[in-house]
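Kindly produce the complete structure, drawing on both the sequences and the hints.
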Amino acid sequence: MADPVLELSHLDKAFGALKATDDVSLTLMPGEIHALIGPNGAGKTTLMGQISGRLPPDSGTIRFRGQDITRLSVAQRARMGLGRSFQISSLIPEYSARRNVMLALQARQGHAYRFVMPVRHDRRLTEPAIEILTRVGLEGRASVPSAELSHGERRLLEIAVALALRPACFLLDEPMAGMGTEGVGRLVTFLKDLKQEAPILLVEHDMDAVFRLADRITVLVYGRVIASGNVDEVRNDPEVRRAYLGDEVSA
Amino acid sequence: MRELRREHMLNALLAAALFAVPLWAYLVDEPFLITLATRVAILAMAGVGLNLALGLGGMVSFGHAVYFGLGGYCAGVLAHHAFNATPVLMGLDGTNQMLVIWLVAMALSGLLAAMIGALSLRTSGIFFIMITLAFAQMFFYFALSWPAYGGEDGLPIYVRNVFPGLNTMRPWNMFVIAFVMLMLVLALFAMIRASRFGAALMAIRQNADRVAAVGISPFGVKLAGFVISGMITGLAGAMMADLTRFVSPSMMAWQMSGELIVIIILGGTGRLFGPVVGAAILVGFEVIFGGLTEHWKFWLGLVLLSVVLFARGGFIGLLAGKERHG
Ligand SMILES: Nc1ncnc2c1ncn2[C@@H]1O[C@H](COP(=O)(O)OP(=O)(O)O)[C@@H](O)[C@H]1O
Ligand SMILES: [Mg+2]
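So the protein sequences, as listed, match chains A and B.
Take the numbering used here: the final residue in the first sequence is number 251, and no numbers are missing along the way.
Take the numbering used here: the final residue in the second sequence is number 326, and no numbers are missing along the way.
Calculated directly from the structure, the hints in this document are not laboratory data.
Glycine included, every Cβ here is placed at the ideal spot set by N, Cα and C.
Be a bit skeptical, because a hint or two may be false.
Stated by the list, open to error - A partial selection of chain B residues facing chain A, derived with a Cβ cut-off under 8 Å:
hint : residue
1    : 149
2    : 153
3    : 200
4    : 207
5    : 224
6    : 325
What the hints assert, rightly or not - Covered stretches of chain A, as calculated for chain B (at least 3 residues, CB under 8 Å):
hint : segment
7    : 68-76
8    : 108-114
9    : 118-127
10   : 227-236
Set out below in C-alpha cells:
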C-alpha cells in the first residue's frame, strides 16, 4: 500500500475544559476523498485548523508527505503543498477574483520579494489565473472584487485559489455550504475529477454529496472519532446512526 | 478604468501645482513662499514613507517621528562635526555633503525600523499603535536628555549642507532638490505598490490569514515594508533639518507622529499623492490660521474629523473616486 499523504496521530486540542479534538488519528491516501463529517461543534474546523497550522495541537503529530509538520507555520505548510479553503470565505476583499488567484500563483512561484515588475500585466500570473478561473467557471467574473461576488461565487473562488497552489493535498471546509442544488451538483463532478490531481480531506454537511464523493468517511462527535470506514460501513454503523445520521439515512 | 485615469490626471495636476507655485514665487521674488513649498514637499515625503507602512500594509505606526527625528539628527550631528572639524566617533569624520548625509540617515532609520518592527510587528491593532509610540517616546526622551547635541535646546546647522553643483542656501535650489526627491520617492512608492511585493503587502492589510494560507509569511513582508517606510521618513527628516537648519527632539515627539498620520488621512490613505495633499493642507492651515488664532490645530482637527466621517478616501478619494485594484 502507498504511503499516506497526510497522517494525523493522536491529536488533542482543548479550549479550556472543552475537548475540541480528542485523540484523533486519521490518514489521507493518494487519490482519495476522505470525508470528515459530524454535527455542528464536533470539532471539524478545529481539526482543519491544526492541519493547516492556524491552531497548535496540545499533543500529537501531523505528518505530511512523510515529514513531521506539527511545528511549521501556516505559510511553511502551504509552501509544502497544503491547499485549503476556509469554511467562511476568506479572500482578499478589494482584489478582483483574478488578483486573488494571482496572489496564490505568485506565492507558488516563490516571489513575494520582487519590487520592480508590475503584477498587473505579468503574464506568468494573468494567464494561468484566467485558466484556473475558467476551470471553476468564474472567468466571466474575473475583474469583480471578491467582496462583490455572490456567496456561491466566493466558494468557487476559494477553490480556485487552492487550485492555483497546485497542492499535494486539498483541505476543503464545507465548500458547498450555501450553494444551490445546481451548484452542489457541479461541484460534486468537479471534486471527483480533482481527486486525481491531489487527495482531498473534505468537511461537508451535505450528506448526499458526501455519499456520492467519499472513498472513506470519518465521523467526529465531541472531538472524538466514533467511526471510520467506507461509505457503507459508516452508513450502517449503529453508533453513527444513533449519534448523528438519524432518520436522514433510513428515509 | 476611468477612475484610474482620473487619479493619474489629478496627480499630474498636483505635481504641477506644487512646482508652479514656488516657481511663480521665485519669479516675483517671494522666498517665504518657496520655503513653504519646500516644507510641503519634505513633509509629503515623510508622509509617503508612512503611507507605505500604514496605507499599503495597514501598519498604523504612531511612532514614525522617530525616523523623521533620527534623519534630522543625522544631518545635524554630521554637520556639527564637519563644522567643528571634530570626529563623530572613533576617527569617523562628520560631513556637510547632503548626499552622504541622506545615505547615513536612510541606513540608520532602516536599521532602527528593522529593530522596532521586529519587536512590534507580531502585534496588531491598538497594541501595535502603543508599542510604536512607546519606542518613539523612548528615543524622544533620550534625545531630550543627551547634552552632547543640545539636549532639549536642539542643535543648529549653521551653514546648510552642500549639494554638488547647487548653492543650497538659495531657497529655489533647495526647493528643486526637495521636489525632485519627492518625485523620486513617489515613483518608488508607485513601483512598489504595483509589484509582487506590493500585492502581498496590500493583501496582508486586508486578510493576513489568507496570505499565510497561500504560503507567504506575513511577518517578513510587513517587516520589509516597515523598513523601507522608515528609511523614506528618515530621509525626509534629514532634508527637513537642512531646510530649517535646526534639529531638536520635537522632531521625534508624538505630535509629529500624529501629524504624519493626519497628513495621510487627509490626503487619502494608501493613495499615491495622498501625502502631498495632506502636507499641503497641514502647512496651509498652519500658515493661514496659525497667524489668526493659537487654536489652528483645533480647526484642523475638525477638518480631519469630517474627512474621517464623510470622506473616507480623503481628498484624493473625494476627487478621484474609490481605489480599484483590478
Ligand atoms: N477559538 C476557540 N475558542 C474556544 N472554543 C472554540 C474555539 N474554536 C472552536 N471552539 C469550540 O470548539 C468546538 C468545535 O468547534 P468547530 O471545530 O468549529 O466545530 P465544527 O467545525 O465541527 O462545527 C465548538 O464547541 C466550538 O465552540
Ligand atoms: Mg466548522
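Hint check:
Contact between residue 149 of chain B and chain A, as hinted, is not supported at the beta carbon level, the nearest pair being about 35 Å apart and thus beyond 8 Å. For residue 153 of chain B, the interface hint is violated, since its Cβ never comes within 8 Å of a Cβ in chain A; the closest pair sits about 41 Å apart. The interface hint given for residue 200 of chain B holds, since its Cβ lies 5 Å from the closest Cβ of chain A, which is under the 8 Å cut-off. For the restraint placing residue 207 of chain B at the interface with chain A, the shortest Cβ-Cβ distance is roughly 5 Å, inside the 8 Å limit, so the hint holds.
Interface hint status for residue 224 of chain B: upheld, as the beta-carbon distance to the closest one in chain A is roughly 7 Å, under 8 Å. Interface restraint check for residue 325 of chain B: the shortest CB-CB distance to chain A comes to about 5 Å, inside 8 Å, so the restraint holds. Note: the segment 68-76 of chain A has 4 residues with beta-carbon separation from chain B under 8 Å; the three-residue rule is met and the coverage holds. Check result for the segment 108-114 of chain A against chain B: holds, 5 residues qualifying (beta carbon to beta carbon below 8 Å, three or more required).
Here the segment 118-127 of chain A counts 4 residues with a CB under 8 Å from a CB of chain B, which clears the bar of 3, and the coverage holds. Given as covered by chain B, the segment 227-236 of chain A fails the check, having 0 residues with a CB less than 8 Å from a CB of that chain where 3 are the minimum.
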